Structure formats: C-alpha cells, structure tokens
Amino acid sequence: MNAWQTWIALWTLVTKEVRRYMRIWPQTLLPPSITMTMYFIIFGNLIGSRIGPMDDIPYIDYIVPGLIMMAVITNSYSNVASSFFSNKFQRSVEEMMVSPMPNWVILAGFVVGGASRGLAVGLIVTVVSMFFTDLSIHHPLVTIAVVIMTALLFSIGGFINALVANKFDDISIVPIFVLTPLTYLGGVFYSIHMLPDFWQGVSMINPILYMVNAFRYGILGVSDIPVGGALVAIAVFIVVFFMAGLWMLERGKGIRS
Amino acid sequence: MGRHFAFSLFALPRSASFEALIFLDVPALSAVFARFLSNIKNWVRQMAEPALSIRGLTKVYGNGFHALKGIDLDVAEGDFFALLGPNGAGKSTTLGVVSSLVQKTGGSVSVFGIDIDRDFAKAKYHLGVVPQEFNFNQFEKVEDIVLTQAGYYGMPMREAKPRTEQLLRDLGLWDKRKGSARMLSGGMKRRLMIARALIHRPRLLILDEPTAGVDIELRRSMWEFMKRINREGTTIILTTHYLEEAESLCRNIAIINHGDIVQNTSVRDLLAQLNTETFLLDLAHPVETAPTLEGFSVERVDATQLALSVERGQRLNDAFAQFSAQGFEIVSMRNRANRLEEMFVSMVEHANAESGRSTDKVEVRS
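Protein chains in written order, with the numbering used here: chain A, 139 to 395; chain B, -7 to 358.
If we strip away everything but chain A, and leave its shape as in the complex, we get (with noise of 0.2 angstroms):
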C-alpha cells in the first residue's frame, strides 16, 4: 500500500469506530456522565464539604481531575477490548486480515478510535465537573498531553486484551480486578502523602498513580510525584505495548488458526 491508501484504510478504520461507539451512544458516552455526576455530588458536594482541603485544595477541586482521568482510562480501555473482541466474535476481523492493510495500521485505527471515545467521555465529564466547581487549568500543555497519552496506552491495553481473550468474560476481568483498584489506588480521591510510609512506597509502583498526578499537576499545578519522569515513563509504556500488540498481531495471536 502507498501512503495515500495506508492513510484511506487507517481514516476507515477510525471513522468506523467512532460510528460504533456514536451509534450506541446510550451505552457508551452516557452511563459514564451519569456515574461521574454521582461522583461529583456524592464525593465532591456531600462528603467532601466535611473532609476539607486536600493539599490546600477544596477536596472537590482535587477529585476532579482524577475522576476525569478515571473516565478516560476505563472507556479507552473498554472501548477497544469490546470493539476488538465483537469483531473477532463476528469474524469481521476476517475483513481486516484478507485485505492487505498492514498490521499496524489496524492496531492504530483500534487504538486511536478507541481513545477518542476515551478523550469523549473524559470532555463530558469536565463539563459535568463545571457544574460543581470553577475548573481552572495551570498547564494546558501537560494536561492535553498527559490526556492523550494516557487514553492511547489504554487503548493498546485493551487491544491486547481483547487479542488474548476467548470469552466474553475474558474482556471484563481486567478491567475488574486490575484497572478499577489500580485506579481508585492510583491517587484519585486522596494524596498518598496521608498514607503511611509503607503504603507510599507500594502506591509508588502503581503506574495510574503517576498518570493521575501529573493529569492533576496541568489542571491544579499540585502533584505527588515528579511530572516530568511521569510523561516518559508513560511515552515508554506506550511503545513498549504498542510494539507488544504488534507482535502479536503479526503471529496472528488470538485471530488466525
């Protein structure tokens, strides 16, 4: 394939995931805005007017950010892994695999449809949070930065993900039992500064915590750990995964008998 026809099958691919997840915008773009709205009055209203100030912050400025990064990662994430799998279900990956599109080209049309309904949702949810609070952001670069990058490697997560499974089931575990603690660990409604040294040291291996802070550090300029250290490290993730999906599409893992 040229260039102009790798760019046509890579628009195509992205184009018809995001008709996907627009299609059945009840399922995906709504419950998210409801369950953060819960949040937001639950956590950031009720409870929070009696936890106080985090790190000098009112406590529904601090959530915020992580609430918005949690909508971003779970909807990247479960975006592709349903998508990817539906489509091996169907066997309409069959219409990928004989044309001669390459294989990264479908990696990245999942992954990218896959974080624009991340980054969506993530839009939604900064609206709704506009409802309960004066959203300022400190470092619009860092932050759309952070956003992005985030929403891509999840995307890859649930790519592979969705490569490995076999079962409808296989899709929901991760997000399960490894994203929702990982994240609700990851920093979103306290600073790991409360905890005690020996949890500070475990959260420190959590990679969402270092997501999540530096989503935090562009929105509210405060954050638990070094931001700088933390876009690479997540630039180094996404290659390492991306490379990793690839692999695994070209021995045909999970797709090809």
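In short, the hints are calculated from the structure, not lab data. Any given hint could turn out to be false.
Said to hold, decoys possible - Cross-link-like lysine-lysine pairs, in silico, BS3-like; alpha carbons within 30 angstroms at most: (1) K181/B with K391/A; (2) K219/B with K305/A; (3) K219/B with K133/B.
To be verified - Far from chain B, some chain A residues (derived; all Cβ distances over 10 angstroms): (4) S171; (5) I195; (6) N304.
As the list claims (entries may be wrong) - The following label-pair restraints were derived from C-beta to C-beta distances: (7) G54/B with L279/A: 20 to 26 angstroms; (8) M176/A with N79/B: 39 to 45 angstroms; (9) G98/B with V378/A: 29 to 35 angstroms.
None of these values were measured; they are calculated from a predicted model. Idealized CB from N, CA, C, for every residue including glycine.
Here the structure of chain A is known, so what remains is to put chain B in place on it, guided by the hints.
Below, chain B without anything else, positioned relative to chain A:
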C-alpha cells in the same frame, strides 16, 4: 486461457485497425501493433503465472490434526475451478491459507506469481474472499460494510461509492443498503459478502460454499452472476456440496480427501471416466416385476418406476426398443443422481477404502 487471450485481442477497436491497415495510417498502425504486442505479452505472462499455484502445502493444527498433507494445485487465470471434498477434507483450510486466515505449516502459495511469504499485501490486492460463515458486523448498515471494505484496500470514497452502488444493484441489495445487515435474509447476506469481496476488483475470487442454504431460484441467479464475472475475466475458485453446481459452472475440478488431492482434472475428463449411468423411468401403468432386457440391468424401484443401468458404449435406443416390444409404456425419465455426484462418491469411497477409513462421512446434496 485461450479464451481470455482471444477476448482481449478482439477487444481492439477492430474497425479502427482495419481502417489503419487500408489507409496505411502509420501512427494508428503502430498503436494497433503496440496493443497487439501488449496482448501477446499479457498472454505469455498469464501462461507463465497461474492465478493460484500451491506447492507442497501442509497444515498441522495445534491439536496435531494433519489437515493438509502436502497438496499441489494450479488454477489458470480465467478458470472456473471447483474444489470438492467431504466435510473436513481440507477445502476450507486450503482456501484459508490462500486468504491469510489460516497459517500454513509448510509449502508455498503464489497468487498470480506473487509468493504470499514474500509480499502477501500485494497478493491480497488480487484476491477476493467469500467465506462459508457470515463474517460481517451484523449491526452495521449494508452499504457501510461494502464501503468500509473499500477503505481497507485504500480505495478513495469517490471511487468506492459508485462501485458499491453498482455491486449492490447487480446483486439486488440496493434497496436494502440503508438497513442493518442482520435484517437481511440468508441469501442476501451471502450476496452482501460477494459484493464486499468484489469491491476492489480482484482477479481471483474465492467462494467457499457460496450457495449453501440458498433457495433454488436465488441459487440460479447467483450462478448467472458468477458466470458473468468469470466471462468478464475474473478467475473463480469454488467449493460446494452441490455437485450440480460444480458440473454446470466449472471447467476444472480438484477433489480433496483427508488432506490429499485425489483427483485434479477437467470436469469433462472426469465425467468421461463415468462407466455406468443409472436412469429412473416412470411408467404409465404399474408393474409387478422388473422386465428382463438383453444386455441391460433393470430393477423395479416401485410399482410405477424402474431403474435402468446403462454401461458406456450401450445405446439407450436398444433398451427402449426392448421396453416397447415387451409392452412397457415409459412416460418420463431422469438420471438417478447427478453424474458428478456418482463420480465423486465412488472416488471418495474408493480412496477411503484404500486407506482403510470409514466412508460414512461422504456427504453430497444435489
């Protein structure tokens, strides 16, 4: 191949070349000559490069099952080729390897001279695949399924849209284009997969049981469509359980059984090997016993039907003369089974008997 060559040669603007010759119009003559040379070149290339060439293809699945045991197969450009075999014989595995859905264990596959191990992407441009199972997103719109496939081949929308319209119209799906694919009938879904496979104008179309579960009327209209695209130059490889389909559509045939090719010849040559044909004769009046005919074997099927076996070289006239002489009134007759079906069953059973395998899996429908 010859047919294909002749088609392209006489596709020249003949009146123009005739005038060029009469009036000695040098530029026109040189254009005609260049076209002639180009056709010869294409012809030679086609001779040298079959649409599909398979050598020593093996496939061992993860559970140790040897699906293909080193098969060799050539399909010439322009051919209408049937790949037949009982269930589990290796037909779909073979086509799966060619279309990249199955990873081969050994051997080589070339599509129009392009080795799939060297440049599969280039080979894929020449391939259109219609699989046995429905393999599209049931929730997508009919039109979107075809347009998306065009996009996967890097086809711009301005080219993909009219091509999609033409294919959907040709296959009787244009009225359904805005509907969800899951709302289509089984036959329509199959036609949708054919439209999708043809969107990028492949030179080789692989059809894995394209008419399975399709009613007779629709099957015949699909045959006409397949004949038409074959006439227009697309090479077609077909697997089917309907042997009548293979006999009426295909010029060449390979029979695969337990991962080996047991026969690879033209349909005409294969049928010439058929030694005995059995005809069912409907009688005007019921009979108690079958008559005895000199030189022929006759069995009574029921009160108003006889089965007449005719060996190669025997004349039906002789049998009918004897029936008339004995006062039997025959009102109609037909073959007991499709001729190819008889051949197929005997061949597969023979191969199974030689290898000591069970023959109960031979499944044919006509």
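Here is what the structure says about each hint:
no., hint, verdict
1, K181/B with K391/A, "holds, 28 angstroms"
2, K219/B with K305/A, "violated, 41 angstroms"
3, K219/B with K133/B, "holds, 28 angstroms"
4, S171, "holds, 23 angstroms"
5, I195, "holds, 45 angstroms"
6, N304, "holds, 13 angstroms"
7, G54/B with L279/A: 20 to 26 angstroms, "violated, 49 angstroms"
8, M176/A with N79/B: 39 to 45 angstroms, "violated, 55 angstroms"
9, G98/B with V378/A: 29 to 35 angstroms, "holds, 33 angstroms"
Hints 2, 7, 8 from the earlier list are contradicted by this structure; the remaining hints agree with it.
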